[in-house]
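Undergrad: As a plain string of letters, each chain reads:
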Amino acid sequence: MNGYSELDRFLQTDPRDVGCAQAMEMLHVYVELVTAGEPAEQRYPGVAAHLQACGPCGEDFDGLLAALRDEAP
Amino acid sequence: MLLGTMATVNPVADQVPAAADRLDAESAEWLGALASGGRRQEEALSRLHEMLLRIAQRECHRRGPRLRITGPELDDLAYQAAADALVAVTRKLGQFRGESRFTTWAYKFVIFEVSDKIGRHFWRNPGVPLDAEDWERLPDRFGFEPAREAEGRDLLAALRRAVDTELSPRQRQVFVAIVVNAVPLDALVIELGSNRGAIYKTLFDARRKLRATLAANGYMDQDTAGHS
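Chain order of the listed sequences is X and R. Using the numbering used here, you'd call the opening residue of the first sequence number 361 and step up by one each time. Using the numbering used here, you'd call the opening residue of the second sequence number 77 and step up by one each time.
Check the hints yourself; a few may be wrong.
Stretch by stretch, here's where chain X covers chain R in the computed footprint (C-beta under 8 Å, at least three residues) [unchecked claim]:
id: 1; region: 141 to 154
id: 2; region: 175 to 181
id: 3; region: 188 to 201
id: 4; region: 253 to 266
Straight-line alpha carbon distances no greater than 20 Å define the calculated EDC-like cross-link-like pairs of lysine to aspartate or glutamate that follow [as the list claims (entries may be wrong)]:
id: 5; chain 1: R; residue 1: Lys277; chain 2: X; residue 2: Asp430
id: 6; chain 1: R; residue 1: Lys168; chain 2: R; residue 2: Glu126
id: 7; chain 1: R; residue 1: Lys168; chain 2: X; residue 2: Asp374
id: 8; chain 1: R; residue 1: Lys193; chain 2: R; residue 2: Asp152
id: 9; chain 1: R; residue 1: Lys168; chain 2: R; residue 2: Glu102
id: 10; chain 1: R; residue 1: Lys285; chain 2: R; residue 2: Asp240
id: 11; chain 1: R; residue 1: Lys168; chain 2: R; residue 2: Glu105
id: 12; chain 1: R; residue 1: Lys277; chain 2: R; residue 2: Asp230
id: 13; chain 1: R; residue 1: Lys277; chain 2: R; residue 2: Glu267
id: 14; chain 1: R; residue 1: Lys277; chain 2: R; residue 2: Asp192
id: 15; chain 1: R; residue 1: Lys193; chain 2: R; residue 2: Asp240
id: 16; chain 1: R; residue 1: Lys285; chain 2: R; residue 2: Glu225
id: 17; chain 1: R; residue 1: Lys285; chain 2: R; residue 2: Glu242
id: 18; chain 1: R; residue 1: Lys285; chain 2: R; residue 2: Asp230
id: 19; chain 1: R; residue 1: Lys285; chain 2: X; residue 2: Asp374
id: 20; chain 1: R; residue 1: Lys285; chain 2: X; residue 2: Glu366
id: 21; chain 1: R; residue 1: Lys193; chain 2: R; residue 2: Glu267
id: 22; chain 1: R; residue 1: Lys285; chain 2: R; residue 2: Glu267
id: 23; chain 1: R; residue 1: Lys277; chain 2: X; residue 2: Glu385
id: 24; chain 1: R; residue 1: Lys285; chain 2: X; residue 2: Asp422
id: 25; chain 1: R; residue 1: Lys193; chain 2: X; residue 2: Asp422
id: 26; chain 1: R; residue 1: Lys193; chain 2: R; residue 2: Asp230
id: 27; chain 1: R; residue 1: Lys277; chain 2: X; residue 2: Asp374
Here are the simulated distance ranges between beta carbons [what the hints assert, rightly or not]:
id: 28; chain 1: R; residue 1: Glu126; chain 2: X; residue 2: Asp422; range: 21 to 29 Å
id: 29; chain 1: R; residue 1: Arg98; chain 2: X; residue 2: Gly415; range: 31 to 39 Å
id: 30; chain 1: X; residue 1: Gly415; chain 2: R; residue 2: Glu225; range: 23 to 31 Å
id: 31; chain 1: X; residue 1: Gly418; chain 2: R; residue 2: Asp207; range: 24 to 32 Å
id: 32; chain 1: X; residue 1: Arg403; chain 2: R; residue 2: Ala226; range: 32 to 40 Å
id: 33; chain 1: X; residue 1: Phe370; chain 2: R; residue 2: Gly108; range: 44 to 52 Å
id: 34; chain 1: X; residue 1: Gly415; chain 2: R; residue 2: Ala159; range: 31 to 39 Å
id: 35; chain 1: R; residue 1: Gln117; chain 2: X; residue 2: Gly397; range: 34 to 42 Å
Honestly, the hints are just simulated from the structure, not real lab data. Backbone N, C-alpha and C fix where the C-beta goes; we use that ideal spot for every residue, glycine too.
Just chain X, with the same shape it has in the complex (with noise of 0.2 Å):
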């Protein structure tokens, strides 16, 4: 990726971003759909493009997948 598109991909802002609010409110319950197998992203489209757009929120989900993925018998 060169920088043009970084900083392209960077300054677009997606309206169904529903804010870190939201998207941790949400988080265990996406985490578990994710997890299943379940269309997490068709289900809660606004929290998707928020852990898109958002670093710190998006390392959360991250962390919290490992997690389960770890704890997973």
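Starting from the known structure of chain X, fit chain R onto it as the hints suggest.
TA: Below, chain R alone, put in the same frame as chain X:
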């Protein structure tokens, strides 16, 4: 307010099932034990702390290499995160609605605490004062190649002009800290005494304004994200 508009477009809260009657057996056992009092409660708290600590340690080690935090410092951070998460979980027990397993819900809090502790840790050795403006590093931040420097220079000069002329003082402060100086968002939250949602919203609005300005001046296409 834009996020208010977004929430109306996608009302997440309305999609949450009222699920208190759908608790799985293990979650019901956790809730019962944690609310029971006496020895059963103590044992449940001890077991929960053990689980939260395990998750915190793994999460700290997952993130650690990117953060230049190692050894005892990383372990301390995990212990603090687990202890604070246990407090958060027990305080918010009445808010658990059973939309997920109890443990998934509880793990969420320890992940949040790890983020918070890492954000605080940043300021022990920030490497850059908050009021510095290191614009020279902006090409690197976005991966502009030296071979295409001239092309990037015009675009980044236009971006900088837009930052100076289009953003509010608060938007400019947040943009410069996060984008120009590479201060992590969670660290900026601590420094400004704010919260993640407010800082993200400020940056979201700044990104939208900057893109509109660059598009109006022919440097970029109009924003098409989420409109497909």
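Undergrad: Would you mind marking each hint as holding or not holding in the structure?
TA: Each hint, compared with the structure:
1. 141 to 154: violated (count 0)
2. 175 to 181: With 6 residues closer than 8 Å to chain X, the region 175 to 181 of chain R meets the three-residue bar; holds.
3. 188 to 201: holds (count 3)
4. 253 to 266: holds (count 4)
5. Lys277/R / Asp430/X: 33 Å, violated
6. Lys168/R / Glu126/R: Given that 20 Å is the threshold and the Cα spacing comes to 19 Å, the pair holds.
7. Lys168/R / Asp374/X: 31 Å, violated
8. Lys193/R / Asp152/R: 10 Å, holds
9. Lys168/R / Glu102/R: With a Cα-Cα distance of about 18 Å, the restraint between Lys168/R and Glu102/R holds, given a limit of 20 Å.
10. Lys285/R / Asp240/R: Judged against 20 Å, a Cα distance of about 12 Å means the pair holds.
11. Lys168/R / Glu105/R: 17 Å, holds
12. Lys277/R / Asp230/R: 28 Å, violated
13. Lys277/R / Glu267/R: Holds, at about 17 Å.
14. Lys277/R / Asp192/R: 18 Å, holds
15. Lys193/R / Asp240/R: At roughly 32 Å apart (the allowed maximum being 20 Å), Asp240/R and Lys193/R break the hint.
16. Lys285/R / Glu225/R: 25 Å, violated
17. Lys285/R / Glu242/R: Distance ~7 Å between Lys285/R and Glu242/R Cα, so the pair holds.
18. Lys285/R / Asp230/R: With Cα atoms ~18 Å apart, Lys285/R and Asp230/R stay inside 20 Å; holds.
19. Lys285/R / Asp374/X: 13 Å, holds
20. Lys285/R / Glu366/X: Within the cut-off at roughly 17 Å; holds.
21. Lys193/R / Glu267/R: 13 Å, holds
22. Lys285/R / Glu267/R: Distance of about 24 Å is beyond 20 Å: violated.
23. Lys277/R / Glu385/X: Holds, because 16 Å separates the two Cα atoms, which is no more than 20 Å.
24. Lys285/R / Asp422/X: 29 Å, violated
25. Lys193/R / Asp422/X: 17 Å, holds
26. Lys193/R / Asp230/R: Roughly 39 Å between the alpha carbons, so the hint for Lys193/R and Asp230/R is violated.
27. Lys277/R / Asp374/X: Holds: Lys277/R and Asp374/X sit about 12 Å apart, inside 20 Å.
28. Glu126/R / Asp422/X: 21 to 29 Å: 23 Å, holds
29. Arg98/R / Gly415/X: 31 to 39 Å: The hint (31 to 39 Å, Cβ to Cβ) holds, given that Arg98/R and Gly415/X are roughly 33 Å apart.
30. Gly415/X / Glu225/R: 23 to 31 Å: 27 Å, holds
31. Gly418/X / Asp207/R: 24 to 32 Å: 28 Å, holds
32. Arg403/X / Ala226/R: 32 to 40 Å: 46 Å, violated
33. Phe370/X / Gly108/R: 44 to 52 Å: Taking Cβ atoms as reference, Phe370/X and Gly108/R lie about 47 Å apart, which means the hint holds.
34. Gly415/X / Ala159/R: 31 to 39 Å: Cβ of Gly415/X to Cβ of Ala159/R: about 26 Å, so the range 31 to 39 Å is violated.
35. Gln117/R / Gly397/X: 34 to 42 Å: This hint holds: roughly 36 Å between Cβ atoms.
Checked against the numbered hints above, the structure breaks hints 1, 5, 7, 12, 15, 16, 22, 24, 26, 32 and 34 and satisfies the rest.
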